[in-house]
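Positions 1 to 99 (the working numbering) are the ones given, in order, by the sequence shown.
Keep in mind that the hints were calculated from the coordinates and are not lab data.
The reader is advised that the hints may include incorrect statements.
Computed Cβ-Cβ distance ranges for the label pairs, DEER-style [claimed, not checked]: (1) W37 to L73: 55 to 65 Å; (2) Y53 to G12: 21 to 31 Å; (3) N28 to R63: 36 to 46 Å; (4) V85 to S42: 19 to 29 Å; (5) H10 to V99: 34 to 44 Å.
Bear in mind that the values here come from a model prediction, so they are computed numbers and not experimental data.
The beta-carbon is built from N, C-alpha and C at its ideal position, and this holds for glycine as well.
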Amino acid sequence: FFLNRVRRSHSGAIMVVILSAVQGFFDNYGDPRTKDWFLMSSPLPTLCICAAYVFTVKVAGPRLMANRKPMELRNVLIVYNLFQVLFSSWLFYEVSVDV
Numbered sequence: 001f002f003l004n005r006v007r008r009s010h011s012g013a014i015m016v017v018i019l020s021a022v023q024g025f026f027d028n029y030g031d032p033r034t035k036d037w038f039l040m041s042s043p044l045p046t047l048c049i050c051a052a053y054v055f056t057v058k059v060a061g062p063r064l065m066a067n068r069k070p071m072e073l074r075n076v077l078i079v080y081n082l083f084q085v086l087f088s089s090w091l092f093y094e095v096s097v098d099v
């Protein structure tokens with residue numbers, strides 16, 4: 001009981017300490033050339049994108065698709081896989097000819 005209470009009351013402070021440590025690591029050891037690049041100034045945008053993805057896949061997606069029938073994608077996947085095989089074969093041929 002006591003341990004759960006301590007964890008709940010200090011979880012925000014623990015998160016701040018962890019985020020500060022991660023930010024300090026990136027500031028000290030990160031490549032300065034990429035500091036101003038999109039999504040590279042902080043780990044928070046990437047974490048937010050990951051959290052939004054998990055929410056979409058685990059919560060919003062199943063709710064949205066609950067009353068819908070599955071899409072029939074067999075023919076689309078056959079065409080896609082055929083394209084992948086042909087492209088990979090061509091790429092292999094081009095690389096092997098140059099060597």
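Verification of the hints:
1. Roughly 36 Å separates the CB atoms of W37 and L73, a value that falls outside the hinted 55 to 65 Å.
2. Distance hint check for Y53 and G12: the Cβ-Cβ separation is about 24 Å, which falls inside the suggested range of 21 to 31 Å.
3. For N28 and R63, the Cβ-Cβ distance of about 43 Å falls inside the hinted range of 36 to 46 Å, so the restraint holds.
4. Against the hinted window of 19 to 29 Å, the Cβ-Cβ separation of V85 and S42 comes to about 41 Å, which falls outside the hint.
5. Against the hinted window of 34 to 44 Å, the Cβ-Cβ separation of H10 and V99 comes to about 59 Å, which falls outside the hint.
Hint compliance for this structure: hints 1, 4 and 5 are not met, and every other hint is.
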